[in-house]
Amino acid sequence: MEIAVDKIDSIAVAAVPVDELDASNAGEFKRDIAPVLQANTRLVLDLSRLRFVDSSGLGAMLSCLRQLTAKSGDLKLCGMSKQVRGLFELVRMHRIFEIFGTKEEAVQAFKTQSGKAK
Amino acid sequence: MNGHAVAAIDSVSEIEESICRHARYSLGKAWNDLSSRELFSAVALSVRDRLVDRLLETEERYRRDDPKRINYLSIEFLIGQSLGNHLHNLGIRDLYRKALNKFGADLEAIEECEEDAALGNGGLGRLAACFLDSFATLGIPACGYGINYEYGLFKQEIDSGYQVEKPDNWLAQSTPWEIPRPEQACLVPVYGRIEHGVDRKGGYNPMWMDWRVLIGVPHDMLISGYGGRTVTPLRLYAARSSRDFDMQIFNNGDYFKAVEQKIASETISKVLYPSDVFVPGRELRLVQEYFLVACAMRDIVRRFEQDHGRFQDFPAKVAIQLNDTHPALAVAELMRILVDEKELEWENAWIITQATFGYTNHTLAREALEKWPVSLFESVLPRHLQIIYEINRRFLDRVSITHPGDVERIRRMSIIEESAPKQVRMANLAIVGSHSINGVSGIHTELVKTSLAPDFFQLYPEKFNNKTNGITQRRWLLKANPALANLISSTIGERWLTDLYRLRELESHSANAGFQAEFRKVKRSNKEKLARIIQDTASLRVDPDSLFDIQVKRIHAYKRQLLNVMHIIDEYLSLVEDGRQPAVPKTYIFAGKAAPGYWIAKQIIKLIHNVARVINNDSRASQWIKVAFIPDYRVSLAEKIIPAADLSEQISTAGTEASGTGNMKLALNGAVTIGTLDGANIEILEEVGGDNMFIFGLKVGEIRTIREQQSYRPWEYCARNPRVKRVVDSFSSNLFCPDEPDLFAWISASVLDANDEHFHMADFAPYVEAQKNAGDAFGDQDRWARMAILNVAGMGKFSSDRTAREYAREIWGIKGSVVLD
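In the order they appear, the protein sequences are chains B and W.
When you line the first sequence up against this note's numbering, it's residues 1 to 118, in that order.
When you line the second sequence up against this note's numbering, it's residues 1 to 821, in that order.
Do not rely on the hints blindly, as some may be mistaken.
Beta-carbon label-pair distances, calculated as ranges [to be verified]: (1) W/K201 / B/D6: 39 to 45 angstroms; (2) B/E105 / W/E165: 57 to 63 angstroms; (3) W/P180 / B/R49: 25 to 31 angstroms; (4) W/E347 / B/R49: 39 to 45 angstroms; (5) W/V52 / B/S63: 45 to 51 angstroms; (6) B/R66 / W/K166: 50 to 56 angstroms; (7) B/K82 / W/W346: 53 to 59 angstroms; (8) W/E446 / B/R66: 54 to 60 angstroms; (9) W/E345 / B/S63: 56 to 62 angstroms; (10) W/R61 / B/Q113: 48 to 54 angstroms; (11) W/Y191 / B/Q113: 36 to 42 angstroms; (12) B/K82 / W/E390: 49 to 55 angstroms; (13) W/R303 / B/K7: 39 to 45 angstroms; (14) W/T267 / B/Q113: 47 to 53 angstroms.
Because the hints were derived from the structure by calculation, they are not lab data.
We put the CB at the ideal spot given by N, CA and C, even for glycine.
My request is simple: use the sequences and hints to build the entire structure.
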């Protein structure tokens, strides 16, 4: 899948380009997001288009988070539909991801963090 | 009546127009091309329009008033047919009859085209359906939650006396009463594993991984209250796959595997389990129960959050009643929602949970209590098992404080049974997680306290209470027996329709010759109708003037259809061998289904047929005794059988029937009960008096003593009484199975076994005596009519309106509503 990546300052913003992220395409997503994870430490995943995610899809996002935190980076999520948000809560994943309404809020959170770090 | 106010806005011509419009535009048929079933659909859709208007009005009223909402969770709702019920409740039956007459169509014939919604096995499911009728009639803001089984309880056919099960695809022609709500579908994860991690704050965070997801699609079945003011939904969920099929597998070329996955998901709501007792180890059943619970809880929480912010207010606005333990997982599910999703502290979540749930127990048989192997539970619901372990740990800590060192008590009370394999005890979960635990008759509740859950009663005496079951008089008298309903209304007015205690006013008419004659006329007419059904379904001609002795219910050892058959055999052999005639000619009528895997029950059906074949074909007996088994017992058939009963057989072993509701339905229709002191029979006796019932048999305490002293010697009854011996010998002598020798030999052995749990031999002679008394009484027609009328008059207590009011006031804390007074 073709994952478009924007750069806002040094923060990468990638949009998940599918309506459904599940067993049928989670592997493809992991493969295609890999270069983005290699090239960045701070990533915002925009889930605005996503309408359904299954455990494979959630697992793929969890894998992204782990790869970034392993190199002291972070992943923030934004643009979740109510249904997708509900699934995150159902399996307690909302407690390990930082989730924002919009990508601007997510980017701002990264900026605030780096401001505090200075 | 409010129903007449509803009718006032309709006219016959509007109804005609509405039916024609649906025939043309909903069904796409020209009037002359309509089949009978399609005509039913057009009529039902026309009625549905009126129901939808009232549904929306009801929802608006509740939205405005913001009352506490009652949620009734039940794995079964045995609704039966709905058209006639709605027409009565909306007060528009006569208008529809007139409208249809103009088309040359007959309303009763159209009603017969409706498939029963058989989403239940027996009493538990029918109780749930009666409650929905009462909730709506009383204006109690309630919603039922259940499963939209594609196949209801099997259809029963009889082949050479054996039960044959056929699938009941009741949705094959779609039902006009359901409104699908795909936009409110919810996701239900199942299976998977727990990954133990930490959250962003460094706290323990168990994540539920590798789950499979089901989709629950609600279908709202409309429930009307009498008077038509309130229409509420019964929300039934159908399972759907998360996608049409797995495209990855499909793309890899395995089309069939892809379709199999879709089918596997949709299997969850495919079939109602055809047994009213727990069958261990059925994984699909556990998934089914969780599917119901997950869908219901998500909907309940969604509705609460629409109008309320703080979960501390949840119990003030939401009550959830668990109809037996099948939905008991809701306790763990609400804790999961509150702790995992809403991030409440455990202690707060637990207070909210306990204050929200009430649990109704329906069985005393320990072996019938639901238990799930921990390994299966962990595989299906890994997070819920964690939660249950934590509930149990905290609960047992409390027990340890109140009973330090009492290891045996802790073992008994634990939600986890430390057996091999370990099991999750659903009744213990329901008891611990609820603020109210109720039995369904006075004696049943006492037995719950003293023998089923005495440890819990000692710990939480304030939680235990009784709510004697009831039935809705709108279905079981107004709809089922319109002639008797008319006679009653013309005698005492119509207030009994919403206040069944008014039937007491019939007492003063019970000895009135004119009223008795009218009463007998109604009964005779109902018996003629049943005689035609028996002729059509069992190919047997019966005499409507004979005593109609009726036992209709699930076939089960504890209900003792066998005892009934033993008496019939005795009466038959006494007639043909001893020349002793019964006091009156009798027709013994049976109906009921046996669970497909329940060999004994299926043998009893075969026995009834074989005994019937011998007796019905013996010219020496033909003037005196007939035996009929009417196949495929269901709600709509019950509505025809029950009004025709003279004698109601309620002969379960004392201490086994939690309440029974068939006993109430039959007495309400003017049958006199022959029965044991079991379940609600005891309360019926209190209401109608010993002169108007035929009570016999061992009492609960006597049975307990016999068991404790191991003093049951069934063979001694045989030795003492040659008539008893003759009956027992008939099973081993092949009298009733000449073509299949030894078929019933097991029965002789079973009733002569000291371990016969149902004490057939001990109760046999008293039962024969009670039967003789009943026959003698029936011979005196004036006396019998008086007894029957006094049975009707005494049924006020057994309205499900009374039961619903008690639940509302005493369990759900609903106060002050006008309709409740």
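Hints, one by one, checked against the model:
no. : hint                                : verdict
1   : W/K201 / B/D6: 39 to 45 angstroms   : 30 angstroms, violated
2   : B/E105 / W/E165: 57 to 63 angstroms : 60 angstroms, holds
3   : W/P180 / B/R49: 25 to 31 angstroms  : 27 angstroms, holds
4   : W/E347 / B/R49: 39 to 45 angstroms  : 41 angstroms, holds
5   : W/V52 / B/S63: 45 to 51 angstroms   : 48 angstroms, holds
6   : B/R66 / W/K166: 50 to 56 angstroms  : 55 angstroms, holds
7   : B/K82 / W/W346: 53 to 59 angstroms  : 26 angstroms, violated
8   : W/E446 / B/R66: 54 to 60 angstroms  : 58 angstroms, holds
9   : W/E345 / B/S63: 56 to 62 angstroms  : 31 angstroms, violated
10  : W/R61 / B/Q113: 48 to 54 angstroms  : 51 angstroms, holds
11  : W/Y191 / B/Q113: 36 to 42 angstroms : 37 angstroms, holds
12  : B/K82 / W/E390: 49 to 55 angstroms  : 29 angstroms, violated
13  : W/R303 / B/K7: 39 to 45 angstroms   : 44 angstroms, holds
14  : W/T267 / B/Q113: 47 to 53 angstroms : 48 angstroms, holds
Hint compliance for this structure: hints 1, 7, 9, 12 are broken, all remaining hints hold.
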